[in-house]
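2 protein chains.
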Amino acid sequence: MSLVVVGSIAFDAVKTPFGERERMLGGSAVHFALAASFFSEVRVVGPVGADFGDPEYAVLHERGINTDDIEQVPGGKTFFWRGHYDYDLNTAHTDETQLNVFGEFQPKLSAESRAADTLFLANIQPDLQREVRELCDEAGLVALDSMNLWIETARDSLLRTIAAVDIVFMNDAEVRMLTGEGNLVRAARAIMATGPRAVVAKQGEYGAALFTEDSFFALPAYPLEAVNDPTGAGDSFAGGFLGYLHSQGDSGDADEGVLRRAMTYGSVLASFNVEEFGTERVRRLGRGEIDGRFAELKDMTSLEAVPAR
Amino acid sequence: MSLVVVGSIAFDAVKTPFGERERMLGGSAVHFALAASFFSEVRVVGPVGADFGDPEYAVLHERGINTDDIEQVPGGKTFFWRGHYDYDLNTAHTDETQLNVFGEFQPKLSAESRAADTLFLANIQPDLQREVRELCDEAGLVALDSMNLWIETARDSLLRTIAAVDIVFMNDAEVRMLTGEGNLVRAARAIMATGPRAVVAKQGEYGAALFTEDSFFALPAYPLEAVNDPTGAGDSFAGGFLGYLHSQGDSGDADEGVLRRAMTYGSVLASFNVEEFGTERVRRLGRGEIDGRFAELKDMTSLEAVPAR
Chain G
1 MSLVVVGSIA
11 FDAVKTPFGE
21 RERMLGGSAV
31 HFALAASFFS
41 EVRVVGPVGA
51 DFGDPEYAVL
61 HERGINTDDI
71 EQVPGGKTFF
81 WRGHYDYDLN
91 TAHTDETQLN
101 VFGEFQPKLS
111 AESRAADTLF
121 LANIQPDLQR
131 EVRELCDEAG
141 LVALDSMNLW
151 IETARDSLLR
161 TIAAVDIVFM
171 NDAEVRMLTG
181 EGNLVRAARA
191 IMATGPRAVV
201 AKQGEYGAAL
211 FTEDSFFALP
221 AYPLEAVNDP
231 TGAGDSFAGG
241 FLGYLHSQGD
251 SGDADEGVLR
261 RAMTYGSVLA
271 SFNVEEFGTE
281 RVRRLGRGEI
291 DGRFAELKDM
301 TSLEAVPAR
Chain B
1 MSLVVVGSIA
11 FDAVKTPFGE
21 RERMLGGSAV
31 HFALAASFFS
41 EVRVVGPVGA
51 DFGDPEYAVL
61 HERGINTDDI
71 EQVPGGKTFF
81 WRGHYDYDLN
91 TAHTDETQLN
101 VFGEFQPKLS
111 AESRAADTLF
121 LANIQPDLQR
131 EVRELCDEAG
141 LVALDSMNLW
151 IETARDSLLR
161 TIAAVDIVFM
171 NDAEVRMLTG
181 EGNLVRAARA
191 IMATGPRAVV
201 AKQGEYGAAL
211 FTEDSFFALP
221 AYPLEAVNDP
231 TGAGDSFAGG
241 FLGYLHSQGD
251 SGDADEGVLR
261 RAMTYGSVLA
271 SFNVEEFGTE
281 RVRRLGRGEI
291 DGRFAELKDM
301 TSLEAVPAR
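In the order they appear, the protein sequences are chains G and B.
All residue numbers for the first sequence refer to the working numbering, where the first residue is 1 and numbers rise by one.
All residue numbers for the second sequence refer to the working numbering, where the first residue is 1 and numbers rise by one.
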C-alpha cells in the first residue's frame with residue numbers, strides 16, 4: 001500500500017519581491033512528497049547528483065518519506081532551476097535551467113515502487129511518464145501533472161499519456177491550450193473523453209476546480225496576507241490531494257465527498273507551501289495546523305453555517 | 001422602501017467570438033436594475049436621448065422597474081458604447097465611446113429617489129457618485145462600483161466617495177491598483193480601513209470574493225459551457241447582490257449568512273447575463289431558474305452534502 005511519485009528533485013534559486021534564496025531543496029517530487037507525507041507513506045523516484053547530501057535526505061526522512069528509489073548519480077550534479085517572480089506571483093520567470101543528471105534520467109523502479117497502488121507522475125517528459133505508468137501496472141489510481149512546454153513540444157505523447165491516467169492536474173490555461181477549447185468546462189470534458197475520470201484545473205491565487213463526468217466543484221485559495229514564494233504550490237496541492245485520497249483507500253472509486261475533501265487538503269497544503277520559501281514552511285508543519293486550516297476553508301466557503309469567528 | 005440605482009443607460013454594439021449585435025439596450029444601470037428586479041422594487045436614475053423609445057422602456061417596465069427618474073434629454077442622443085472581446089472573455093476592448101447626453105449628466109433625483117433606503121452608485125465619475133450619495137442621506141445601505149479610468153484620473157475623489165459608502169464592488173485588479181497593495185487581502189483591508197464595511201472583489205470567470213472586517217467568503221463563477229457576451233456581468237452581479245440584500249431589509253446590519261446568499265444570487269444573475277447578448281437572457285428569466293441555479297451553486301461549493309445529480 002504505497003503512494004509513489006516520480007519527478008524532479010532539485011536545487012532552486014528563487015527571487016521574489018519578498019526575498020531570495022540562492023540554493024534550496026526543491027523539485028516537483030520533493031514538494032509533492034512533503035505534502036502527501038501528512039496523509040500517506042510516500043516513496044520518491046528521481047535522480048540526484050553527488051551534491052545531494054545528508055541535509056537534503058534528512059528533510060525527506062524527517063517526514064518519513066522513503067528515498068530508496070532516489071538514484072544518486074556518481075559525479076553528477078543535481079537538477080538546478082533559477083527563477084524569479086514579479087508582483088504577479090502567478091507567473092514564474094525562468095532565468096536558468098541546468099538539467100544535469102535529470103537530462104539522462106531513465107526511471108528505475110524497485111519492485112516496491114512498481115507495486116504502487118497510487119502513482120503521481122509529476123511534470124516530466126510525457127514519454128517517461130508513460131513508461132513509468134506502464135511499469136506500475138497494478139496502480140489503481142494514477143495522476144499526472146504537465147506544462148505548456150510538453151504541450152508545445154510533445155503534444156501527441158502527452159495525449160497518449162493522459163489517456164492512460166485517472167486524474168489530470170494542470171493549470172487552467174494549459175487545459176485550454178492542450179484542447180484548443182477556450183471554454184474551461186468544455187476543455188475539461190474533452191480531456192475526460194480521452195480516458196481520465198477527473199480533471200483538476202489549478203487557478204493560482206483563485207484556487208482550483210474539479211471536473212468529473214457528472215459534477216463540478218471549485219474552491220478558492222486560502223486567503224493569505226503574505227505569499228513569499230509560490231514555487232511548488234501546484235505540486236503541494238497534488239500532494240495534499242493524492243496523499244489524502246490514498247489514505248482513504250481510493251482505487252479509482254472515491255465518492256464525491258472524498259474528492260472534495262481531497263481538493264481542500266490540496267488547497268491547504270499549497271497555502272502553507274507558499275507562505276515561505278521552498279520547503280521552509282511545510283518542513284515544520286503539523287497535522288493540527290492542517291486540520292485547522294481545513295476547517296477554516298470549510299467555513300469560508302459554506303453557505304450553510306456562519307463561521308463563529 | 002426602494003432600491004435606487006444611478007448609472008449609465010446605453011446602446012451597446014458588441015462583438016465576441018460567438019456573435020455580434022449592432023445596437024442593443026445596455027448600460028450599468030440597466031443591467032443592475034434588471035438583475036435586482038427579481039428581488040426588490042427598483043428605481044433607475046440616468047439620462048437618455050430622444051432615440052430612447054418605447055421598446056427600451058418596455059424592457060424595464062416588463063420587470064416592474066420604475067423609470068420616473070430617467071431623464072429624457074430633448075434632441076439628445078443616448079450614451080453609446082462599441083466594444084469587442086477576444087477569446088479571453090475577461091477583457092473588454094473599447095472601440096468607440098459616444099458620451100452624448102451622459103457627458104452633461106447632472107443627477108436630478110425626485111423626492112422618491114432621494115428617499116432610497118438602498119442606493120447603488122454604478123460606475124460613473126466619482127464626484128457625481130458622491131453628489132448623489134449626499135442627496136440620499138437617508139439610505140442605510142450604499143454601494144458603489146468603479147473602474148481603472150477613475151483610479152487613474154480622479155483617484156482622490158474616488159477615495160472620498162469610497163469613504164462614504166458601505167460596500168465597494170470592484171475587479172480584483174482594480175482593488176490592488178487603487179490601494180497600491182499587491183496582496184488582495186491587505187488591499188481589501190486597506191479599503192475597509194477608510195470606511196466601507198465590505199469589499200466585493202469581482203474575479204471574472206473565477207467568481208468573486210467578499211471581505212468584511214472579520215470574515216472572508218469566496219464563490220466560483222457558475223460553470224457555463226457557453227459564454228456569449230460578458231458585458232454587464234459585474235452590474236448584474238451587483239444587482240443580484242443588492243436586490244437580495246434590500247429584500248432582506250438590510251440597513252447596514254446584514255449578518256454573514258445574508259451576505260453570503262447575496263454573493264450567490266449575484267453570481268447566479270451574472271451567469272445568466274453572460275449566456276446571451278446584452279439583456280436577452282435576463283429579460284426572459286424566471287425566479288424558478290434563479291433558485292434552481294442558486295441550489296446548484298450551493299451544491300457545487302459544498303463540503304458537506306454531495307450533490308445527487
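Derived from the structure by calculation, the hints contain no laboratory data.
Treat the hints with care, since some could be wrong.
Here chain B is said to cover these stretches of chain G; the calculated rule only asks that three of the stretch's residues, wherever they fall, bring their Cβ under 8 Å from a Cβ of chain B [said to hold, decoys possible]:
| # | segment |
| --- | --- |
| 1 | 22-29 |
| 2 | 181-195 |
| 3 | 256-268 |
Heads up, the beta-carbon is just placed ideally off N, CA and C, and yes, glycines get one too.
Hints, verified against the model:
Counting residues of the segment 22-29 of chain G whose CB lies closer than 8 Å to any CB of chain B gives 0, which falls below the minimum of 3, so the coverage claim is violated. Counting residues of the segment 181-195 of chain G whose CB falls under 8 Å from any CB of chain B gives 5; the rule of at least 3 is met. Interface restraint, the segment 256-268 of chain G with chain B: holds (5 residues with C-beta to C-beta distance below 8 Å; minimum three).
Comparing the model with each earlier hint shows a violation of hint 1 alone; every other hint is respected.
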